[in-house]
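Asker: Use the sequences and the hints to build the structure in full.
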Amino acid sequence: MPDAVETPGMSSLEELARYDVLDTPREEAFDRITRIVCRVLGVPMSTVTFLDGHRQWFKSWQGLDNDQSARSASFCRVTLTEGRTLIVPDALADARFRDNPLVLGEPNLRFYAGVPLRSANG
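If you count the sequence shown from 1, you need to add 1398 to reach our numbering.
Please keep in mind that the hints were generated in silico from the structure rather than gathered at the bench.
Hints may be right or wrong, so weigh each one.
For each label pair, taking beta carbons as the anchor points, the in silico distance ranges come out as [to be verified]: (1) P1442 with D1492: 13 to 21 Å; (2) M1443 with L1420: 15 to 23 Å; (3) L1490 with R1416: 35 to 43 Å; (4) A1493 with E1426: 35 to 43 Å; (5) R1424 with D1497: 17 to 25 Å; (6) A1415 with A1493: 32 to 40 Å; (7) E1412 with F1509: 16 to 24 Å.
Remember, predicted model here, so these are calculated numbers, not experimental data.
Heads up, the beta-carbon is just placed ideally off N, CA and C, and yes, glycines get one too.
Answerer: Here you go:
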């Protein structure tokens, strides 16, 4: 996996910093989104995720025990790199993810659907 400083989309870190959202408390508006996603898609986990240089941080999460994980294991990083909605029906069958620690170990991810969040400035 590429190092964080080489990952496309890193120029958006300054834009993310402008919003001052990282490490802020949970908010009901975001929690409502993740609950709806779980219900509509019939999945046990859902997050609203922001990526900084070294981690993915969850503004909201359902079905997880923590609010962050390493950027290097992030499915969301691939979504940002591709710049479009990404749907992975079976992560074990997808060469990009089959060796990912989040697939091989807890939480044993299989299905993934991600949509990049963009500001007006990208």
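Asker: For M1443 and L1420, compare the CB-CB distance with the range 15 to 23 Å and indicate the outcome.
Answerer: holds (21 Å)
Asker: Between L1490 and R1416, does the C-beta distance stay in 35 to 43 Å?
Answerer: holds (38 Å)
Asker: That 13 to 21 Å hint for P1442 and D1492 (C-beta), does it hold up?
Answerer: Given range 13 to 21 Å: holds, Cβ gap about 19 Å.
Asker: Starting from the range 17 to 25 Å, see whether the pair R1424 and D1497 falls in it by beta-carbon distance.
Answerer: violated (32 Å)
Asker: How does the Cβ-Cβ distance of A1493 and E1426 compare with 35 to 43 Å: does it lie in that range?
Answerer: holds (39 Å)
Asker: Quick check: does the Cβ-Cβ distance between E1412 and F1509 fall within 16 to 24 Å?
Answerer: violated (33 Å)
Asker: Is 32 to 40 Å a correct range for the gap between the Cβ atoms of A1415 and A1493?
Answerer: holds (33 Å)
When the structure is compared with the earlier hints, violations turn up for hints 5, 7 and for no others.
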